[in-house]
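With the hints as extra help, turn the sequences into a complete structure.
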Amino acid sequence: MSSFAKAAKAGQRIHKERQQPEARRHLGVLEKKKDYKLRARDYQNKQKRLKRLRQRALTRNPDEFYFHMVNAKLDGGEHHDRVKGEEFTPAQLKLMQTQDVNYVTTKRVTEAKKIERLRANLHLLDDSGGRVKTHTFFVDSKKEAQNFDFAKKLETHPSLLDRAFNRPKLETLHKESIADIPEDVIKEATHEMKKSYRELTKRLERQKELKVVEQKMIVKKKLLDKKNPPVKKVREGTKDSAPVYLWKKERKR
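Each position in the sequence shown, counted from 1, maps to that position plus 500 in the numbering used here.
Hints are not guaranteed to be accurate.
[As the list claims (entries may be wrong)] FRET-style restraints, in silico, Cβ to Cβ:
#1 Glu705 - Arg582: 54 to 60 Å
#2 Ala612 - Met693: 18 to 24 Å
#3 Met693 - Glu750: 50 to 56 Å
#4 Asp684 - Ala612: 32 to 38 Å
#5 His691 - Lys752: 22 to 28 Å
#6 Lys727 - His691: 55 to 61 Å
#7 Tyr603 - Val639: 51 to 57 Å
#8 Thr701 - Arg753: 34 to 40 Å
#9 Lys749 - His635: 40 to 46 Å
Worth flagging that the hints you see were computed from the coordinates, not collected in a lab.
None of these values were measured; they are calculated from a predicted model.
No residue lacks a Cβ here, since even glycine has one placed at the ideal position from N, Cα and C.
Here you go:
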């Protein structure tokens, strides 16, 4: 029986696919049934999706709210998420992933001591971080205040008024003879002073970054405590500040 079936197949007519008519040859190959099935299935899926969306729109609660509504915007009929600012710099990420909070705290304290030493060498002894120092004088009338001579009151030269330290009086300037300092020595001293100021600026930036990383690591560690979750998030974290959370107040025993 099997040999008869094989012989029948060998002698049967070869069926050819129907070709696209000559007038429609510019439209490409004639669509076959498998192509029609794919196209029909895609159309049916789209119709089902539209039907579900219409039903969802009819049953929608007008008071319903999602945070994605305020975190996205419509651009050309398409929804796009709002781009948020980066919370971490590459240096902060590297430090947080490779070190612990104790290491960061130690480094921050070390930087603070070096900054204090540099400020002392540069006569920047103001611990307030750049607060302008003031010297208040009291007078009896507005006219006296308008004609007030600071150099005469402080008994010093007018060119030394902007100094907060090392401001000798006129009497001292007349008594002491100032030796001529070579120009190369002055240039070298100025160069060293500028170098120290640049180092101080870099160390201040480093201390600020370490402080931000330390705060972020402390907040991250506190968030891991599932028994005491935060009540709400007050402020998002940025490159220059840690995120701020509000925790429930606990009564101390």
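Evaluated hints:
1. Glu705 - Arg582: 54 to 60 Å: violated (30 Å)
2. Ala612 - Met693: 18 to 24 Å: Holds - the Cβ-Cβ distance for alanine 612 and methionine 693, about 22 Å, lies within 18 to 24 Å.
3. Met693 - Glu750: 50 to 56 Å: holds (52 Å)
4. Asp684 - Ala612: 32 to 38 Å: holds (35 Å)
5. His691 - Lys752: 22 to 28 Å: violated (56 Å)
6. Lys727 - His691: 55 to 61 Å: Because 58 Å falls inside the window, the suggested range holds.
7. Tyr603 - Val639: 51 to 57 Å: holds (56 Å)
8. Thr701 - Arg753: 34 to 40 Å: violated (47 Å)
9. Lys749 - His635: 40 to 46 Å: Distance hint for lysine 749, histidine 635 holds at roughly 45 Å.
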